[in-house]
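Spelled out, the chains give:
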Amino acid sequence: MTVLPRLVLLLLLIGLAALVVFPFFAERFYLQLVTKIMVTAILAISLDLLVGYAGMVSFGHAAFFGLAGYALAVLQRDFGLVLLWTTLPAVLAVCGVAALIVGWFSIRTSGIYFIMITLAFAQMLYYYFNDSRAFGGSDGMFIDTKPTIEIFGFELVSLRNRIAFYYVTLGALVASYLIVRMILLSPFGRVIAAIRINEPRARALGYATRNYKLACFVIAGMLAGLAGYLGAAQYGVINPAFLSWHQSGQALVVVILGGMGTLFGPVLGAFVLTLLEEFVSGLTERWLVVIGAFVIAVVLLLPGGIASLLVRLRFGRRMQPAP
Amino acid sequence: MDLSFLLIQSLNSIQYGFLLFLVASGLTLIFGIMGIINLAHGSFYMIGAYLAYWLNLKTGNLLLAIAIGLPLTIGLGLVVERLAIGFLYSRDHLYQVLLTYGLILILNEMQRILWGNDVHGVPVPDVLAASVPLTQTQSYPVYRFFISAACIAVAAAMYLVIHKTRLGMTIRAGAVNREMVQILGIDVGRLFAIVFSLGAALAAFSGMLSAPVNSVYPGMGEQILIISFVVVVIGGIGSILGAFVGAMLIGFVDTFGKVLVPEIAGIAVYALMAVVLLWRPQGLFGGRPA
Chain L
248 MTVLPRLVLL LLLIGLAALV VFPFFAERFY LQLVTKIMVT AILAISLDLL VGYAGMVSFG
308 HAAFFGLAGY ALAVLQRDFG LVLLWTTLPA VLAVCGVAAL IVGWFSIRTS GIYFIMITLA
368 FAQMLYYYFN DSRAFGGSDG MFIDTKPTIE IFGFELVSLR NRIAFYYVTL GALVASYLIV
428 RMILLSPFGR VIAAIRINEP RARALGYATR NYKLACFVIA GMLAGLAGYL GAAQYGVINP
488 AFLSWHQSGQ ALVVVILGGM GTLFGPVLGA FVLTLLEEFV SGLTERWLVV IGAFVIAVVL
548 LLPGGIASLL VRLRFGRRMQ PAP
Chain B
2 MDLSFLLIQS LNSIQYGFLL FLVASGLTLI FGIMGIINLA HGSFYMIGAY LAYWLNLKTG
62 NLLLAIAIGL PLTIGLGLVV ERLAIGFLYS RDHLYQVLLT YGLILILNEM QRILWGNDVH
122 GVPVPDVLAA SVPLTQTQSY PVYRFFISAA CIAVAAAMYL VIHKTRLGMT IRAGAVNREM
182 VQILGIDVGR LFAIVFSLGA ALAAFSGMLS APVNSVYPGM GEQILIISFV VVVIGGIGSI
242 LGAFVGAMLI GFVDTFGKVL VPEIAGIAVY ALMAVVLLWR PQGLFGGRPA
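Top to bottom, those sequences are chains L and B. Under my numbering, read the first sequence as residues 248 to 570, first letter to last. Under my numbering, read the second sequence as residues 2 to 291, first letter to last.
Here chain L stands alone, though its shape is the one from the complex:
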C-alpha cells in the first residue's frame, strides 16, 4: 500500500482539519486531553515503525519515552536549559544513543527473545530511576519551566501557553507521520520491509540486515523520545511510571487496536483508546474491566485493528500488507 486509499486520505485530512480548528472551540480540559492523545499517537507511530514494518516487537518502548522526560528534567535542573532549540536536540540525542546501545544488544535476538530482552532493558532503566536518589527515586522529578522558543532573546512561543503547546504537539505529530512515511517509501524502508518478510533472503541479497534493523530501532527510539519530551513537558513532572512495562504494554495495545503496519491506524488507536478510557472511567469506577474486555474483544474479533475495518468498508476485503 504505497498510496493511501482515497477514503483514508480524505478521512485523515478531515481529521487534521478538525484538529487544527479544535482549540477555537475546546474547553481547557479537552484541549489538554487531545494534546495528551497526540503525544500517545506519536509514541504509537514510532512503535508501529518497529512492530508493524520492521517486525521487531518491542515490549520496552516506553523506556525511551520516559528517558526523554528524565533527560529534559536533568537539562533544566543541572544545566538551566529551557529553550526548545537546545533541549529537544539534546534529548533526542540521549534517546538515540540509548536506543543504539539497547538495539545493538537486542537485534541479535528475535521472536519472543526480542520481546523479552527489550522488556529487560526497560525494566533495568525503570529500576535505575526508581532506586536512584539523584533522579528523585519513585517520586520522580519536576519540570518547572516549560520549554520556550526564542530568537535573540525575544520569546516567540512559550509552551506555557496551552494553545501553543497544542499546536506544537500537532506539528510534531504531523511531522512524525510524514517522516516515518518518507522513511518507509525510501529504499531504506523497502529493505526494512524485506527484512520483516524474509531476513535470510534479504541478507543473501547483500544487505547488512543488522545495520538496517539497528538504524530502524534508533529512529523509533528517537521518535519515542520526541513523544516523551512533549509528554513530560505537558505534565511538568517525570517519574518511573513513565517507563514502566504498563506504559510499553499500553503503547502496543494502541498500535494493535489501530491496526499495525498502517501508520494512520495507531493514530486512530490512540484517539479511540484514550477517549474510551476517558468515557468509561466517567461511567464506572471499574473501568479497567471494560478496557480489558475491549482489548480481548479486539484481539479476537478484529485482528487487523480499526484500520482494517475502515479499509474493509471501502473495498469489502482484507487489507493488503503495508509497504
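Just so you know, the hints here were simulated from the structure itself, not pulled from any lab data. Values in this document were obtained by computation on a predicted structure and should not be read as measured data. Mixed in with the good hints, there may be bad ones.
To be verified - Which residues of chain B face chain L? A partial, calculated answer using Cβ under 8 angstroms: (1) LEU99; (2) VAL234; (3) PRO282.
The C-beta atom is built at its ideal place from N, Cα and C for all residues, glycine as well.
Guided by the hints, dock chain B onto chain L, whose structure is given.
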C-alpha cells in the same frame, strides 16, 4: 561477612529460587507445549495469594485453605483457557501478549472488587510457626523450610508425571511436535486445557505458599510475572530444567544483590538476563534458537 550470615542468605536464596521455580515452571510449560506467552500467569499467583488469605480467614487453617483453593484455581484456569486462550493457538505472539494483557486488567479489577485495595498479612500456621536455631543468636523460621520442602515435593511430582505417565508422555510429545500428536489421534485441545490449568494452579500454589512470608497486595502478580519471565528466558523457553537453574540463579543474585550492593539490586537480575541472552540467545537450556 561471617558464616551464619552467608548461611541464612543462602537459605533465603534457595527458598526464593524454589518459589520462582514453581511459578516459572508453569509459565515455561505453557509456553513450551502450547506456544502461548501468558502474561496473565502472574495474576494466577496473585489470585492464589488472595485465596489463601481469604480462605484462611474463613477456615482458620492455611493448609485447609490451600486444599480448598487449589481446585478453585484449576477451575479458573480451565474457564480462562476455554473462553480466551483457546482462540490464540494459531495466532502470532503479539496477539497473545495483548490478549493476556487484557486478562491482567480484568483479573486485577476482579481482585479489587472481591478483596479491595488493602495490603493483608497471612499468619504462619501454628504447626509451622517455630524456628530452627542455627547459631547461638540466629535462627531460621520453619515455615521457610516448609516452602522449600513443598516446592521440592511439587517438582518431584511434576518430574514423575512428565516422565513416567501417559499424560506426561503426550505432554512431552506435544512440546516436540504438536501437529504429529494431533495426527496420532490425541485430543490436543483437551491436553492444552489440562496443561494450562495445571500451569495456573502451579502459579496459584506458589502464591498461596508465599502469602505468609510476603504480604498479600494488589499488583503482586505483575512483579512476580516479570521476574518469572526473566527466569524462563535465562533457562531457555520450554525447558523445566532450565527454569530450575534460572530460578536458583535469580534467587541467589537477587538475594545477595539486595544485601551486598542494594543500589544495583533492581538492575542485577535484568543485567544477568541480558548477558545470558547475548552469550546464548536461546537461553541456557533452550533447544534451537527461536
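Status of each hint after checking the structure:
1. LEU99: holds, 5 angstroms
2. VAL234: Where the cut-off is 8 angstroms and the nearest Cβ of chain L is about 5 angstroms from VAL234/B, the hint holds.
3. PRO282: Since chain L brings a Cβ to about 5 angstroms from PRO282/B, closer than 8 angstroms, the hint holds.
In summary, this structure violates none of the numbered hints.
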